[in-house]
Amino acid sequence: MRTRRPYNQRPNYFSGVATLVWLLIIGVPLYALISAALQTQSSYAQEGPLSLPTHLTFSNVTSVIQSGFVGYIGNTILVSAASVALVLAMCVPISYAVVRGTGWITRGVFRIFLLGLAIPAQAVIIPLFLIINQLGLYDTLWGVILPTAAFSMPVSVLVISGGMREISGELYEAMALDGASPRKVLMDMVVPLSRSSIATAGVFAALQAWNGFLFPLIMTQSDSTKLTTLGLYNFVSTYSDDVPALLAAVLMSAVPILVVYLFARRALVAGLMGAGGK
Amino acid sequence: MTSLTGDRPSHRAGAGPEIRRAAPGKGRPGVGWAVPGLLFFGLFALLPMAGVVYLSLTSWNGITAPQFTGWHNWSRFLGDHQMVQSTLVTGVLLVGNIAVQAPISILLGVWSAGRQRNRAVLSAIFFLPLLLSTAATAVMWRQLLDPNFGLPSKMSWLFLGDQNMLGTQAGAIVCLIAVTSWQFIPFHTLLYQGAARNVPATLYQAAELDGAGRVRQFWSITLPQLRNTVVTSTTFMVVGGLTAFDVVLLLTNGGPGTDTAILPFQMYQTAFVTYDYGYASAVATFLLLLATGASLLLVRLTGYHKMNSTLEGL
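Line order of the protein sequences matches chains A and B.
Using our numbering, the letters of the first sequence correspond one by one to residues 1 to 278.
Using our numbering, the letters of the second sequence correspond one by one to residues 279 to 592.
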C-alpha cells in the first residue's frame, strides 16, 4: 500500500505543462462562479464573470436564502443520510452471504447485483413511478429515498464484497472453532476488517443521493419535499435575468459537501478511491 | 438471524483442540442474510425492469388501464426518424465522453499517485468539481457559456469567434462532452489514483534495472496493471452516459431544436410531458438493452466476472 514509485531524475516537462493547463480548466470556471456569485447584477452585466469583483456583495446569498433554498439543502442531507443508512444496512449482510455463503443461490445473488449494475434508473422510471404511487409515497421524501437506495446497491455490494474477500479464510476458521455464530463473526470480525470498503460504499451512496436529479424530478412536486438539485432547476427560470443570484445558489448547494471535504478530506477521497476496486 | 443456520454449539469448553474441527458450512451465513436486501432491490429495480418491458407492449396514458397493443410501439419505434437520430446522438456523446475522459483520467490518476507535495496540493484542487452536483455544474456552465454575459464574450480567442456555442448541433455536443468531462474526470482520476498506488513498486524497480524509460514503464507496467480499473471506470461512464439526462435538460434542453435530444431525454419527454407511457416504455426498454449489452460486453472482454486479481503471479 505505502509503496513509492521510484522517481525519475529527469524533470517531466510534459506533465508540468499539462497540469498547468488542467489547473486553468478547473480553476477559471470556479473563479468565475465565486466572483459572479459575489457581484451585483449590474456589475456582472458590465464586467463579465472574470473581472476582479470591485463591489463585493452578499445580497445574492441573502436573496437565495430567503427563497427557501436552505430547506432544500436540509431535505437533500436527510435523503442522503437515510439512503446511506438503508444501503449499508442491506448491503453488508448481502455481501457477507455472498462471500461466505455456500451453494449456487449465493453465487446467483452476486450475479443479480452484477447485472443490476447495468440497469439505468432512467430505463425503469415509469414502472417505478407507478410503484411509488401505489405505495402512497408520491411527493414524500421516502419516494426519493427508497429508489435512490435501491440503485446504489449494486455498486455497494460489489465494493463491500470485494473488501470482505480480502479477509483470509484462516480468520474465519479460527472464529468458527470458537463456535461463533455468523452474526458474531460478522459484527466482531468482518465489519471491522472491511470498514474501508464499507466507507467507500457509504460515500458512493451519499454522492448518488446528493447528485440525484431524476427521482426528485419525477417523485416529488411540492416545495416542502424539494431537493437542492431540483431547486436549482427551478431557479433557472425564476432567476433567468439574475445570473449572480443563480450562481450564488449553485455555490451554496456545494457548501455542505465542502464542509465535509474540509474536515474529512482523507476519508472522502479514500472512500471514493476505493470504488475502483483492486 | 442466528436461527438461519442454527447450529450454535451447546458446550464449547469441553472438547480438546484436536477434535474441535469446524464442520464445513458451520458458522457460515445462510442465503437468508441476503433476503431483505434482495426483496428491496427486487421491488425497486427488478420488478420495474419487468414492468417496463410489459408496458412497452401497451398503449397507456397514465389514467385509464394500459391496453395491450402487441408490437405496435416497437414498429413505431423502428420507423421513428427522431429516435434514430437520438440513438446516434446518444452514441456520439457516449463515445466522445469516454474518448475524452478515459485518457485524461488515466494520466491525471497516475500523475497524482506520486506522493510529491505539489502533486498532493494540486490534486486537492483538481477534486473540487466533484463537490458540485451534476445539476449545479450544468446550471453554472449554462451561465458561463452564455454568448452575451459568459466566458465567450470575454475570451473570444478561445471560442474561435463562435460565441454561441450552444447554437449549433456540433457546438452543443462539444459543450455537453466538455461539461460532463469537467465534472466527472475528478472522480475517474481518483479511481485511477487509487489503483496506480496499488501497483507493486517491485515491478518499477525491475523495469528501472532493465533500463525502461518513463513512457515504456507506463505502457508496459502501469496500464496493464490498471486494467480492472479501466473496466470499472468505463462501466461507470457507459451507464452514466446512457442516463446523462440532467446535463442535457439543464444545459441544452435537447436543443438546438431536437439536435441533442438523447434517448433518455426523449423517453422523459414522451412519458412525462406528452403522457405516452407505452411508447416511452419501448424507448426505455431499448435503453435497458443497450446498457445491459454494453456492460455484458465489458465484463466478457475483460473477465471481470471471475474477479481476477492483477496481483496474480507475483
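Errors might be hidden in some of the hints.
[Stated by the list, open to error] Keeping only pairs whose Cα atoms sit at most 25 Å apart, straight-line, the calculated SDA-like set for lysine to any residue is:
id, chain 1, residue 1, chain 2, residue 2
1, A, K226, B, L317
2, A, K226, A, L23
3, A, K184, A, A174
4, A, K184, B, L317
5, A, K184, B, G518
6, A, K184, B, T552
[Stated by the list, open to error] What follows is a list of derived Cβ distance ranges for each label pair:
id, chain 1, residue 1, chain 2, residue 2, range
7, B, T446, A, M189, 29 to 39 Å
8, B, T480, A, R165, 21 to 31 Å
9, B, R393, A, G108, 25 to 35 Å
10, B, W352, A, L115, 40 to 50 Å
FYI, nobody ran anything at the bench for these hints, they're computed from the structure.
Quick caveat, the model's predicted, so the values are computed rather than measured.
Idealized CB from N, CA, C, for every residue including glycine.
Results of checking the hints against the structure:
| no. | hint | verdict |
| --- | --- | --- |
| 1 | A:K226 x B:L317 | 28 Å, violated |
| 2 | A:K226 x A:L23 | 34 Å, violated |
| 3 | A:K184 x A:A174 | 13 Å, holds |
| 4 | A:K184 x B:L317 | 24 Å, holds |
| 5 | A:K184 x B:G518 | 38 Å, violated |
| 6 | A:K184 x B:T552 | 54 Å, violated |
| 7 | B:T446 x A:M189: 29 to 39 Å | 60 Å, violated |
| 8 | B:T480 x A:R165: 21 to 31 Å | 23 Å, holds |
| 9 | B:R393 x A:G108: 25 to 35 Å | 42 Å, violated |
| 10 | B:W352 x A:L115: 40 to 50 Å | 23 Å, violated |
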